[in-house]
Amino acid sequence: MRSEVQAFTCCYEWLLKYRDTLRGKALQSFSGGPIKADREDLSHIRIENCVGFVSVPLGIAGPLRVAGPDLQLERAFAPLATTEAALVASCSRGCKAFNLCGGLQFDILGNSISRAPVFGFETPKEAIAFARFVPEIQGEFAKSAESTSRHLRFQNMVSHIIGSTVHLFISYHCGDATGQNMVTIATQHACDKLVEYLQGGQHRVKFTRIEGQLSSDKKPSWSNVKHGRGVEVIAWGSLSNEVCESVLGCTSESLYTLIRTLKDGGIRNGQFGDNLNTANIIAAIFISTGQDAGSIAEASWTHLVPEYDHTTKDLQLSLYCPSLPVGVVGGGTGYESQKECLKMMNCVGPGKKEQLAGLIASFALALEISTGAAAASNTFSESHQRLARGVDSLPRSKI
1 MRSEVQAFTC
11 CYEWLLKYRD
21 TLRGKALQSF
31 SGGPIKADRE
41 DLSHIRIENC
51 VGFVSVPLGI
61 AGPLRVAGPD
71 LQLERAFAPL
81 ATTEAALVAS
91 CSRGCKAFNL
101 CGGLQFDILG
111 NSISRAPVFG
121 FETPKEAIAF
131 ARFVPEIQGE
141 FAKSAESTSR
151 HLRFQNMVSH
161 IIGSTVHLFI
171 SYHCGDATGQ
181 NMVTIATQHA
191 CDKLVEYLQG
201 GQHRVKFTRI
211 EGQLSSDKKP
221 SWSNVKHGRG
231 VEVIAWGSLS
241 NEVCESVLGC
251 TSESLYTLIR
261 TLKDGGIRNG
271 QFGDNLNTAN
281 IIAAIFISTG
291 QDAGSIAEAS
301 WTHLVPEYDH
311 TTKDLQLSLY
321 CPSLPVGVVG
331 GGTGYESQKE
341 CLKMMNCVGP
351 GKKEQLAGLI
361 ASFALALEIS
371 TGAAAASNTF
381 SESHQRLARG
391 VDSLPRSKI
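154 is the number that our numbering gives to position 154 of the sequence shown; each next residue is one higher, with no gaps.
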């Protein structure tokens with residue numbers, strides 16, 4: 001333990017000693033561009049030992065026609081922070097195909113952020129008694145939690161008995177913020193008040209912990225699929241065979257068959273979720289708009305559903321995203337570059353969080369069909385060779 005402390009102290013002293021040098025080099029290498037960050041004043045940056053910025057290429061995908069609750073955009077754009085060639089072009093191609101068929105729609109199915117504190121007892125019997133008591137104190141718990149923020153609203157609380165512990169799965173609505181820190185602070189305050197209230201009573205709490213892994217914070221889980229953590233959204237649209245052939249280079253039936261084939265492979269592989277590469281769009285927009293990049297882990301579970309009409313040859317596709325922990329205020333959304341990206345998506349201002357989630361799902365669906373078409377037409381490798389390496393494709397079979 002002593003050696004670990006000494007090692008940490010040594011590293012920390014080195015960082016303090018060379019912080020100005022590192023900061024200077026970092027700022028010199030940050031070229032900015034049309035989307036700029038303040039390269040001199042780092043005092044407003046809320047991370048520790050900040051020495052500068054890492055520059056990530058930013059591409060603009062779109063335009064995309066999108067309709068959602070109280071929204072009708074003829075030209076929506078997505079700022080994609082990525083180092084992957086072909087991603088922006090592929091997403092834009094998918095947008096073009098959907099635009100020619102009327103665009104995309106999305107709707108919001110849910111909106112909540114969870115926290116799951118733990119209460120420990122001496123025996124399972126005491127844990128059971130406490131779990132049965134929870135409904136009686138839910139109102140006061142909610143009142144205590146909501147007192148910590150004028151934006152937070154308590155939704156519900158469910159008890160889970162695990163041995164001699166009770167895990168409380170608690171959901172909140174957090175206004176325009178993602179709410180990760182908001183629900184942590186609120187839950188800690190409410191738990192402290194509850195323990196104080198229980199002192200000297202029949203429910204003798206042995207210990208409390210702010211989280212017991214039941215909320216799946218920044219981790220994929222079936223709980224996040226069933227209950228959602230963040231904004232729950234579905235996006236959908238249709239493609240005609242003519243547009244598939246002219247824009248995507250394949251028939252609508254071959255695209256449908258490709259998606260069905262991938263489903264079969266995913267089942268055999270035990271894949272978590274069912275999509276082609278929605279994590280690409282989620283990660284790129286999360287980074288560009290100042291979302292918590294760690295939450296990409298829980299956000300990337302999505303469900304792509306193709307429905308083919310053999311008579312009209314129309315292909316309807318929907319993408320279900322149960323857990324998009326996003327916000328338009330707080331955290332990294334307040335930085336200059338990230339705020340510009342949110343403005344580009346028309347997602348600055350009150351009430352825009354759900355719109356941001358809907359646009360993320362919509363652009364992710366656009367990428368899905370373009371990527372699928374590239375695989376269906378055997379041009380996936382060719383596209384990456386041309387756009388990522390700038391070379392012509394190698395000879396390939398036409399089968």
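Take the hints with a grain of salt, since some may be wrong.
Stated by the list, open to error - In the PhoX-like style, the derived pairs of lysine-lysine whose C-alpha atoms are separated by at most 20 angstroms in a straight line are:
#, residue 1, residue 2
1, 125, 206
2, 226, 206
3, 339, 352
4, 96, 339
5, 193, 143
Stated by the list, open to error - Pair ranges (Cβ atoms, derived):
#, residue 1, residue 2, range
6, 269, 150, 40 to 48 angstroms
7, 213, 155, 34 to 42 angstroms
8, 46, 378, 29 to 37 angstroms
The set of hints was computed from the structure by calculation and includes no laboratory data. Yeah, the Cβ is synthetic: ideal placement off N, Cα and C, and Gly gets one too.
(message) If you test the structure against every hint from before, which numbers come out violated?
(response) 2, 4, 7, 8
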